[in-house]
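Engineer: Quick mapping for you: the protein sequence lines, in order, are chains A and B. If you read the first sequence in our numbering, its first letter stands for residue 1, the second for the next number, and so on. If you read the second sequence in our numbering, its first letter stands for residue 1, the second for the next number, and so on.
Simulated from the structure, these hints should not be mistaken for lab results. These numbers were taken from a predicted model, which means no experiment stands behind them. Don't take each hint at face value.
Simulated restraints on C-beta separations [claimed, not checked]:
| # | chain 1 | residue 1 | chain 2 | residue 2 | range |
| --- | --- | --- | --- | --- | --- |
| 1 | B | Arg175 | A | Thr615 | 26 to 36 Å |
| 2 | B | Thr110 | A | Asp343 | 30 to 40 Å |
| 3 | A | Ala520 | B | His12 | 54 to 64 Å |
| 4 | A | Glu278 | B | Arg175 | 33 to 43 Å |
| 5 | A | Asp508 | B | Ser51 | 50 to 60 Å |
| 6 | A | Asp513 | B | Asp21 | 47 to 57 Å |
| 7 | B | His12 | A | Gln705 | 23 to 33 Å |
| 8 | B | Ala89 | A | Gly753 | 47 to 57 Å |
| 9 | A | Asp173 | B | Glu85 | 56 to 66 Å |
| 10 | A | Asp172 | B | Ser51 | 22 to 32 Å |
| 11 | B | His12 | A | Glu663 | 49 to 59 Å |
Beta carbons: idealized from backbone N, C-alpha and C, even for Gly.
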Amino acid sequence: MSRRLAAGGAWLDRSRPVTFTFDGREVGGFAGDTVASALLGAGVIGGFRSPLAARPRGVMTAGVEEPNAFVEIAEPWFEPILPATTVAVVDGMRTVSRAGVGVLPREAVTARPAATTHCHVDVLVIGAGAAGRAAAAGASGRVLLVDEHHVVDGAPDGVTTLAGTTATGIYDDGYVVLYQREPDLDRIWHVRAREVVLAAGAHERPIAFAGNDLPSVMLAGAAREYLDRYGVLVGERVVVFTTNHAGTDVGIALADVGAHVTIVDAGDGGPAAERALEAGLEVHLGAVVTRAQGDGRIEAVTIRTADGDTRTLEADLIAVSGGFNPTAQLARSIGAGLVYIEDRACFVPDGTGPSWLRVVGAAAGEVPTSHPMWVVAEGDDAEKYVEPQRDQTVADVTAAVGMGLSSSEHVKRATSIGTTIDQGRTSGVITAEIVNALLGWSPGTQGPTTARPPYTPVPFSALAGLETGPLLTDPIRTTAMHAWHAAAGALFEPVGQWLRAWYYPRGDEPKDDAVARECATLRRACGLFDASTLGKIDVCGPDAGVFLDRMYTNRMSTLAPGSIRYGLMLGLDGMIFDDGVAMRLGEDRYLVTTTTGGAAEVLDRFEEWLQTEWTDLRVYCTSVTEQWAVATLGGPRARDVLAAAGTDIDLANDAFGFMTLREGTAAGVPARVCRVSFTGELSYEVHVDARLGLHVWEALMSAGQGFGITPYGTEAMHVLRAEKGYAIVGQDTDGTVTPEDLGMGWIVNTGKGDFIGKRSLVRSDTLRPGRKQLVGLLPDDPSLHLREGTQVVATADLPAPPVPMLGHVTSSYRSPALGRSFALAMLADGRALHGSTVHAVVGGATAPCRVAEPVFVDREGARRDG
Amino acid sequence: MVELYLRSPLGHRAGDLARLDAVEVAHLAQIGVRCAAPDATRVGLPAEPNSVAGGADRGVLWMGPDEWLVVGLPGSAPAIVGEFEAALAGTRHAVVDVSANRAVIELRGTSRHAMLASGCGLDLEPAGGWAPGRCAQTLFARAQVLLQEMESATRVFVRPSFANYVADRLLATRRE
């Protein structure tokens, strides 16, 4: 039976009928309807279930406070669970009832498109009711007025207005997050406002009486909204159960359009009761509803009158108004307190909180006076529902207090009341007052639990905004030569945010083969490596050398211009933090390199010490990581290739030695060429303006064709450096490793003055025996490729747990140069174990490995020194 | 000769940028200048935070209390470096050619501020003080950017390795 009136419904567009489905059933409505209003209009009373007891439930409210009626939106987009009272229907929408719990489908679903906007205003007004509109009209500057409803009536001129927009949270300094639902788009607004006006109104409160969870027990104000805004008369024989005049006025309005209305007022009625009598309504003052009865919906209502008589009335709707709760959640979550107002039987913001936040209108407590009633005494407490969304009754609250709980926060956790989608909007105050009464405290002694943002549910898809698909993850950083690597078929590995060429398979060449080929080619002929991602910092000023002496463990100030020195940086704890080389470009200028992942941290550390501790040092640091592209040419033919590419630099070994640099040209463009080596081969790092990086790369590859050049990636680089025993900070170290642990005590210059971490190198723990030290590991089975992270123990037979552990494998590869597998490991007192056998735990068994010095290729460095 | 070999970070995205009513301004000279405020004033660097001094051929962007970015025409980097090295000789300073350190996207459409507002928390409206002659270092989505407001355009300076990301993120605003 349709309950839609032939006319009326201010928010409907009756010229635009829409059809949607609810649990497979077709339902008609109009543009402007919510799922709830359309269901009620179509005569669907009930249709929902409670989550635990599966009791029949129906729409109880007309807004975000709804505790019963939840739907999944299955089409045209997916949303697992929303109050039916807040979902605007669209044609073709498919909805499914949900009993308080959403269900995620197994298949991928369509989320609503979403966007994000940052916005700055002078005044943000939340709520476009009378108080909000007045505040907006009186505000100056940039004014934004928002309301969660899909229609905003009478917005003042000169004010930007957003309908269908909920303030989900108010944060420090006037930062407010809004969730806007446009017809085809969700949008999150990040608003910074000088002043925030909270005019969010008030939510009507139900009353706990026996049978109060039956469908067609509804808040009185909701019945009024369905009539005025949606043209739906939700009941024809109505019992209004009220504690205040607003409920009575709803009864009068319903009677105006033909309903038979009885007013049951727990209080003394006042002028509203007289208006009701004048309108011909039956009015009972000092009376209460003691029981609602019916099979899946209201059929009869039992009332107890002031003189104690009990009467049963035929009815199809109970419209309840137990007073109003000012909507103070958003103010409370940013620091406002609550104070109890006795004549209105409610909690209102107490005026504390940030100075830029103002609460006005009903949210500030401008609500009708109310007879204080939360629970009807008569009837079985186990039938009086406090939290229908959790099937919790007055009896459950009583049981929680019986267990010794007295705080509403504790009762919430014991009963799950308020742990709901609406965060206890209808249940919170009632629960607190039941507890107050049970403990003999006066009303208002304690208030409801704190609600926290978001004010209403926000889909993750809305929070993601535009950051979906490839934009969901961190930005992917690529070098100037990236397109070349991709065209050459390189596979890439992520290093921090960077995507680096990993290896370059030929056709369907397996990874191991490709890496072995790249390694062998480099050791035999030559290879080219994209080292552009290395962090680079220009350190400039007369005190640059002194500054670097303090940052690194060794001395940089004695470096001659044109020379290069490797350096380690320690943390204050003496542990290795980063490494790189320092190149002295001139008397007052160095260029230092960092690891790819450490670039930003190292610059931050430089700036921190310069700005906070050593403000007297005349040094400026500039990040030039991306100013320079770096192509590293290595291998016995590297010199020939560079010469073939064309350079004005004298490449003869005695003119341009290891660990020096030259400025000149390469492949026809200005270049800084540096002789450093991480592979142990003769190497030239060619640094050029990053915009010339691709040119130089292509020129070197082209020049190298006659010398058998190969591009090589990070994997081959890792193998090659491990063959030389060069540790990678962050792979072979983990923040607990000192230079001495790596066997690099030689790089710590304790005679040069202070440097970061120096003090910690003489801590007893740093000096104790038994620390893990870097060693080489050669499995007895030369084909065994240990996994990085493999545990290393002393005995072949594993004892019962806990198994004493010597250490672990930090790097492990197959070496074409050695013709076998090898590994680096950190082992307790590892250097004393050279030549002995230890055991790697592989699966449930162990594999014997010989401990070796961690240098496997060209111990003398003859190849590198070229 | 060298100019022939220069590749700008977004040279391959011209079509995408056109959809945004944007162009890459390639190969501008960009020189980082660090010095103390009194020396800066002496050599004509702007003292007002987040302001830009200069005209079409050369702009000086205030980056911090002791940091500026001088932006000049393509090819002018050596001259600018020489000029500031000479002017600041004898003082604590650093002059660094960082011409390749940032790509420059120039947004020219009327919706450019709305596009940026999808990922930038700064107030980019005139009522908030944003107008030609202003600049600011900030974030656009997850990339650090330097914004410079010009007559009828906004320049977005971004590290080249982030340039594709920023272009993609700007293009995403077109999905709305």
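Engineer: Please flag the earlier hints that this structure goes against, numbers listed from lowest up.
Structural biologist: Violated hints (numbers, rising): 1, 2, 3, 4, 8, 9 and 11; every other hint is consistent with the structure.
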